[in-house]
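Colleague: Next come the chains, spelled out residue by residue.
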Amino acid sequence: MSAKPAPRVGLFVTCLVDAIRPRIGFAAIQLLEEAGCIVEVPLAQTCCGQPAFNSGDDADAARLARQTIAAFEGFDHVVLPSGSCAATMVHGYPDLLAGDADWAARARDLAARTHEITSFLVDVMGFRPEGRRLEASATYHDSCSGLRDLGVAAQPRALLAAVEGLQMRGLEGNDVCCGFGGTFCVKYAPISNAIVTEKAEAIQRSGADLLLAGDLGCLMNMAGKLHRSGAATRCFHTIEVLAGQADGPAIGEEG
Amino acid sequence: MSHATTRAPFKARADAALADRTLKLAIDRTTGTAEAKRAAALSAFPEFEAARARGKAIKDHVIAHLDHYLEEFERNAIASGARVHWAADDAEARAIVTRICLEADARLVTRAKSMLGEEIGLPHALADAGIERVETDLAEHIIQLAGEAPSHIIWPAMHRTREQVADLFRTGHHPPPAAEDPASMVQSARRELRAKFLGADVGISGANFLVADTGATCTVTNEGNAELTTTPPRIHIVTAGIEKLVPSTAHAFALLRLLVRSATGGEMTQYTTFHCGPKRPGDADGPEEMHIVLVDNGRSRMLADEFRAMLRCIRCGACMNHCVVYRQIGGHAYGGTYPGPMGAVLTPVLDGLAAARDLPHACTMNGRCAEVCPVGIPLPTLLRAWRARSWREGREPGAVRAGLSLWARLATRPRLYRLASRIGVRGLRLFGRGGWIARLPLAGGWTAHRDLPRPEGRTFMEQYRAWQARKGAGR
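Heads up: the protein sequence lines correspond to chains A and B, in order. Per UniProt numbering, the very first residue in the first sequence carries number 1; after that it's consecutive. Per UniProt numbering, the very first residue in the second sequence carries number 1; after that it's consecutive.
Rather than coming from a laboratory, the hints here were simulated on the basis of the structure. One thing to keep in mind: the hints can contain errors.
To be verified - Selected chain A positions facing chain B (in silico; Cβ < 10 Å):
#, residue
1, D175
2, I195
3, L216
Claimed, not checked - Cβ pair distances, simulated, as ranges:
#, chain 1, residue 1, chain 2, residue 2, range
4, B, A50, A, G230, 45 to 55 Å
5, A, D109, B, E393, 25 to 35 Å
6, A, D100, B, P397, 45 to 55 Å
7, B, R470, A, E253, 44 to 54 Å
8, B, R433, A, E135, 52 to 62 Å
9, A, R169, B, P378, 26 to 36 Å
10, A, G207, B, E35, 19 to 29 Å
11, B, A64, A, D109, 54 to 64 Å
12, B, P175, A, G207, 34 to 44 Å
13, A, R128, B, A50, 33 to 43 Å
14, A, G74, B, R470, 23 to 33 Å
A virtual CB, placed ideally from N, CA and C, is assigned to each residue, including glycine.
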């Protein structure tokens, strides 16, 4: 490691990880610390505001944007275990607050410091996990916002390649949406179901033991469909595997 | 389209489409092939990104100077001998075209595929005026036999399998095709249409480009039907949206490189024709009159609002070929002239947000449409802009507004939010067994189709604070 002072990282846990699967948040802290960061979790965070933003409720989305910007001022970096929440902060906030004289510059400043976790570990910290071993096969789904809005594609694969024993298998349509889409999946449930049904079939055809992805929303959608259709595929957030937590319960398994 | 209000709501149309397995087979065949061919074409076109940037710049330039290029085009078209008509909306456009046909005592009109013609409701208008209309594009011929509207802007009959087309031709062609292989069916359609081509009084086409510095209109096809529609009849009518303008022929070709690869994966269409005025003295053929109807129909309004970037659209169809929603429900479920992502932006412009509110919402915001768009239209951003307008205008359902407002009040009070989350996840656990929740009140949209992972039990925030406290105590 270089002699540079350790960067101070604010972790935005995301509302889904906070409520449904906190162990992803702890995996994030572990990896960021292994990479040499000082990690803090500001208590003033709740949700990035994406449900309001994507519903067209700009006023509430802007309120949450200002709250989040204020909570994360002063950190060298802001890191999230989610491409879609990170994309909301990187692209959504500056758009949302572009006409707000007091907040536009602060939104751009936050956007410049914000990273999805696997791209932060690779691109900013030059990190690779050491001494991880997992005898399993896995396939990886590219979640849309991370992939298209932030360019997250090579980084999670580079990190996973450092896990000894882990065999990566190709996934047909790996860059095709899983049908989650936030509130879309309940507002247009039959369409969402048709999309995730095809996704679950492709995952099963990959023959992999594990399905990995970088967004809990997409993972809940795919894991929920796989479980409903009787598949044995176990689903984890990428960073759970990187943190050596794949010996613990997968999504939907009791710990 | 004025027909939209009498149709079933979007969700009912989508459900019907989802239940139709033959439709799904047809969609998968066509969009799957289109996706593969486009990918192959782009892999042999390393300058795609540069071409895309240039295409976007050309369209943006024309949109910014639309008044200038419209006047230049009109001047040059008139100089070439064509007559230019201006239509503010679809009704005016229909009236102009039917008047020209009636004044010419036209009994038979041939039409080359044009989505603008569908947009302004031309097929119905001609029928109402008692004029026989013959669609000359093979796919349009199929849906004319079926009495349907296009379900895709490039392949209007893509919702029909070739087995279904064989059924249509067997009853619709006289005599029926000799056999039901594609070649025999195409031969049969050619025989049916050939007589009509030569007997038509008026030929109506659209335009892929309007070339300002020559006054020419350009059509591209792979069947040659546009040439047979526009050349033999006495009168040729072009209907085109005002956003089709390009400064010069070179600009048309710059956009053609993007259009054809994005649409069919070809490098060039079989036929690329520039129509410049009617038959001149000494010409071997051509129409005696050429009329060009320039249609606004909401476009100048888009110039001034947040949907301006949509005027760049060159109608290639790549966005719908790569859309997960379109690939499940097909084009008719959208209920407008234009389906898929570009249709979800345009239909509220054309039919009003009240009739089309669902379309901008029925999207997962995955961004693949914008990724493949050859002129860089930020389709998800435009769809979100419709959602924001719908919210501002109070069109969102009361339950959605109330739910989001309650959630936002909690989420903007972190201490209260943490407490509510602690209670919420414990409450949620009560509905599940083991690691899953199979049925959940108020979340039937989720649990009807998939299980919901049961929360771990304590929120991250409470575990983190306990962990911090232990670390502090141990220091």
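Colleague: Has the hinted range 45 to 55 Å been met by the Cβ atoms of B/A50 and A/G230?
Modeller: Holds, at about 49 Å.
Colleague: Indicate whether the distance between the beta carbons of A/R128 and B/A50 respects the range 33 to 43 Å.
Modeller: At roughly 35 Å between Cβ atoms, B/A50 and A/R128 fall inside 33 to 43 Å, so the hint holds.
Colleague: Assuming the hint says 52 to 62 Å, is it satisfied by the Cβ distance from B/R433 to A/E135 or not?
Modeller: violated, 30 Å
Colleague: So the hint says 19 to 29 Å: do the beta-carbon atoms of A/G207 and B/E35 match that?
Modeller: With a Cβ separation near 24 Å, A/G207 and B/E35 satisfy 19 to 29 Å, so the hint holds.
Colleague: Look at the Cβ atoms of B/P175 and A/G207 and judge whether their distance stays inside 34 to 44 Å.
Modeller: violated, 53 Å
Colleague: Do the numbers back the hint for A/L216, that is, is its least Cβ distance to chain B under 10 Å?
Modeller: This hint holds: A/L216 lies near chain B, its Cβ roughly 9 Å from the closest one there, short of 10 Å.
Colleague: Hold the hint about A/D175 up to the distance rule: shortest CB distance to chain B must be less than 10 Å.
Modeller: A/D175 check passes; min Cβ-Cβ to chain B is 8 Å, inside 10 Å.
Colleague: In this structure, is the beta-carbon distance linking B/A64 and A/D109 contained in 54 to 64 Å?
Modeller: violated, 32 Å
Colleague: Taking the closest Cβ pair, is A/I195 under 10 Å from chain B?
Modeller: holds, 5 Å
Colleague: Holds or violated: 25 to 35 Å for the Cβ distance of A/D109 and B/E393?
Modeller: The hint (25 to 35 Å, Cβ to Cβ) holds, given that A/D109 and B/E393 are roughly 33 Å apart.
Colleague: Between B/R470 and A/E253, does the beta-carbon spacing fit 44 to 54 Å?
Modeller: violated, 26 Å
Colleague: Assuming the hint says 45 to 55 Å, is it satisfied by the Cβ distance from A/D100 to B/P397 or not?
Modeller: The hint (45 to 55 Å, Cβ to Cβ) is violated, given that A/D100 and B/P397 are roughly 28 Å apart.
Comparing the model with each earlier hint shows violations of hints 6, 7, 8, 11 and 12; every other hint is respected.
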